[in-house]
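Throughout, my numbering is defined as the position within the sequence shown, counted from one, plus 16.
Don't take every hint at face value.
EDC-like mimics (lysine to aspartate or glutamate), calculated; alpha carbons at most 16 Å apart, straight line [claimed, not checked]: (1) K125 x E96; (2) K18 x E68; (3) K97 x D76; (4) K140 x E152; (5) K97 x E68; (6) K202 x D174; (7) K202 x E227; (8) K202 x D76; (9) K125 x D109; (10) K82 x D109; (11) K217 x E96; (12) K69 x D109; (13) K44 x E96; (14) K22 x D225; (15) K202 x E190; (16) K217 x E190; (17) K125 x E152; (18) K140 x D115; (19) K196 x D156; (20) K29 x E221; (21) K18 x D174.
Note that these hints are calculated values from the structure, not bench results.
As the structure is a prediction and not an experimental result, all values here were calculated from the model.
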Amino acid sequence: MKGALKANYETDKTAAGASFAVNAGDVKLRATMTDATVVNGPSLNGLALAVEKPGFFIIDYNVPKKDFRFQFMNTVRIAEKPLNLTYSHSRGDNRTMLDGAFVFDPANKVSANHMLGSRNCKLKYTYVHEGLTTFEPSYDLAKNSWDFAVSRRVYSDDVFRATYQTSSKNLGFEWSQNSKLNGSFKVTASVNLGEEVKVPKLSAETTWDFEM
Numbered sequence: 017m018k019g020a021l022k023a024n025y026e027t028d029k030t031a032a033g034a035s036f037a038v039n040a041g042d043v044k045l046r047a048t049m050t051d052a053t054v055v056n057g058p059s060l061n062g063l064a065l066a067v068e069k070p071g072f073f074i075i076d077y078n079v080p081k082k083d084f085r086f087q088f089m090n091t092v093r094i095a096e097k098p099l100n101l102t103y104s105h106s107r108g109d110n111r112t113m114l115d116g117a118f119v120f121d122p123a124n125k126v127s128a129n130h131m132l133g134s135r136n137c138k139l140k141y142t143y144v145h146e147g148l149t150t151f152e153p154s155y156d157l158a159k160n161s162w163d164f165a166v167s168r169r170v171y172s173d174d175v176f177r178a179t180y181q182t183s184s185k186n187l188g189f190e191w192s193q194n195s196k197l198n199g200s201f202k203v204t205a206s207v208n209l210g211e212e213v214k215v216p217k218l219s220a221e222t223t224w225d226f227e228m
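Turn these sequences into a full structure, and let the hints steer you where they fit.
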């Protein structure tokens, strides 16, 4: 059995959670919970269960909301290049999403995200330069706006990332580290350049993985 403990710190609140996964053949069973599950005595609040076959499907069940979410993945090849497709449906809000990513080569990828029955559609191009620096411009058709992201990997474990959303004028910075020895953490800061008083929002998240 594998597990993970996660803690999230923000300027106005603190949250924690845990997840546990066990393999049953080629299927993985997973349970996740938040601090709402154990605070003030055990309860079903924040509890979610999942059945996953990696690369094929994921079925999530939100216990307190009694809500299912289905996700199916498949890969087809066009001109000997992979097109990764993901279909997901949430029963509670009756929302269906279709995601696709066409990989030209290890450095170039085009992806799209669309909510069926709506104008919500996002297009993104990803370019990886020398395996270290990633550029990701994206276009939101519903908002008629561009978003930009650039990230840089340093010392194999650390990644620095900057983002800018033109529609909201939100500028963000992120530092993340994924280490087998020290676990993983992520520190983010964002500021809205359109506000008169530019107060940055800070958050930190850390995760410890363990195996039993």
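The hints, checked one at a time:
A threshold of 16 Å between alpha carbons decides the hint, and for K125 with E96 the separation of about 14 Å falls inside it, so the pair holds. Simply put, K18 and E68 have alpha-carbon atoms about 14 Å apart, close enough for the 16 Å limit, and the pair holds. With a CA separation close to 30 Å, the supplied pair K97 and D76 exceeds the 16 Å bound. Between K140 and E152 the CA atoms are separated by roughly 7 Å; this keeps the pair inside 16 Å, and the hint holds.
The hinted pair formed by K97 and E68 fails the criterion: a straight-line CA distance of about 26 Å is larger than 16 Å. Of the supplied pair hints, the one linking K202 and D174 holds, its CA atoms being roughly 10 Å apart against a limit of 16 Å. Taking the CA atoms of K202 and E227, the gap is near 22 Å; set against the 16 Å cutoff, the hint is violated. Proposed proximity of K202 and D76 is contradicted: the alpha carbons are some 25 Å apart, above 16 Å.
A distance of roughly 30 Å separates the Cα atoms of K125 and D109; the hinted pair therefore is violated under the 16 Å criterion. Among the hinted pairs, K82 with D109 is consistent with the structure: their alpha-carbon atoms are about 12 Å apart, no more than 16 Å. Between K217 and E96, the direct Cα distance comes to roughly 45 Å. Violation of the 16 Å bound is thereby established for this hinted pair. With a C-alpha separation of about 24 Å, the suggested pairing of K69 with D109 is violated against the 16 Å cut-off.
A C-alpha spacing of about 30 Å is found between K44 and E96, which places the hinted pair above 16 Å, so the restraint is violated. Simply put, K22 and D225 have alpha-carbon atoms about 9 Å apart, close enough for the 16 Å limit, and the pair holds. Note on K202 and E190: the hinted pairing holds, with a Cα-Cα distance of about 7 Å set against a maximum of 16 Å. Taking the CA atoms of K217 and E190, the gap is near 12 Å; set against the 16 Å cutoff, the hint holds.
Distance check on the hinted pair: K125 and E152 sit about 10 Å apart at the alpha-carbon level, within 16 Å; holds. Taking the CA atoms of K140 and D115, the gap is about 11 Å. The hint holds against a cut of 16 Å. Under the criterion of a C-alpha separation no larger than 16 Å, the hint pairing K196 with D156 is inconsistent with the structure, at around 36 Å. A C-alpha spacing of about 12 Å is found between K29 and E221, which places the hinted pair at or below 16 Å, so the restraint holds.
Taking the CA atoms of K18 and D174, the gap is about 24 Å. The hint is violated against a cut of 16 Å.
Taken one by one, the earlier hints fail for this structure at numbers 3, 5, 7, 8, 9, 11, 12, 13, 19, 21, listed in ascending order.
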